[in-house]
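**Q** Sequence:
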Amino acid sequence: ASLGGAEGDVVLQLPSPFPPEHLEVLVQDRIATRLRARDATCADVAGAIGALVDGRAGNYLAYFPSYQYLKQVLEAFQAAHPKVRTLVQTPGMTEAGREAFLAEFHTEHRETLVGFAVMGGVFGEGIDLVGDRLVGVAVAGVGLPQLCLERDLIRDYFQAKNSAGFDFAYTFPGMNRVLQAAGRVIRSETDRGVVLLIDERFAQRRYQTLFPPWWQVASVRTTGQLQTCLRAFWSTLDP
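Numbering-wise, the sequence shown is residues 6 to 244 according to our numbering.
All clues stand as given, with none of them false.
Listed next, the in silico SDA-like pairs over lysine to any residue satisfying Cα-Cα at most 20 Å (straight line): (1) Lys76 x Val93; (2) Lys76 x Val89; (3) Lys76 x Ala37; (4) Lys76 x Pro150; (5) Lys76 x Gly126; (6) Lys76 x Pro96; (7) Lys76 x Ala42; (8) Lys76 x Pro87; (9) Lys76 x Arg43; (10) Lys166 x Arg156; (11) Lys76 x Cys47; (12) Lys76 x Gly97; (13) Lys88 x Leu118; (14) Lys88 x Ala62; (15) Lys76 x Asp49; (16) Lys88 x Thr112; (17) Lys76 x Leu92; (18) Lys88 x Gln77.
Worth flagging that the hints you see were computed from the coordinates, not collected in a lab.
Construct the complete structure from the given sequences, taking the supplied hints into account.
**A** So this is what it looks like as structure tokens:
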């Protein structure tokens, strides 16, 4: 009703046109990425991304809610994985810079490449890296917009209207960013890949109810569990 329509209107929800078993969704819900926890868990986030990319050589994208957090985890990742090639989205990239960034996601090279980008940005939606041009995505955080007067006005309005003010102002827009980022992985009927969601809040019902119903989700609370799930998934391609 918030987007238009009236009570009694037909609502149609269509499943994904792609085989659900082609996408592995792993949730590391034992790492906190809230602002106050980031210094303490930065190495854990970098370690989870490292375990993801160690699972199979290829091209990956790691998404963050801000450039500041991106830079923080990038430095920890590079220190722990100096031989892994990285690319970084920067504020105010030119069109040529954006095209050069995406051009690096090709299939000719055999080394692993990890692009670091922000959720909701130019690389978080509307890009098609089909096939082996992208084999995995990591998302750190639940994508909540920054606190501001506009968001608080939206919160207050919906809180008075339906008692769901925080969800409409922050949770729903944040999860939309997460889902857009995750949607970069499967772009055709033959694509296969992995999504790793990193945040303890993904264990909450508030967020899990917003996962697409066709997602096959597994909880990975340790690096060992993450590695085991990755081996099992990728082994279906390399029996």
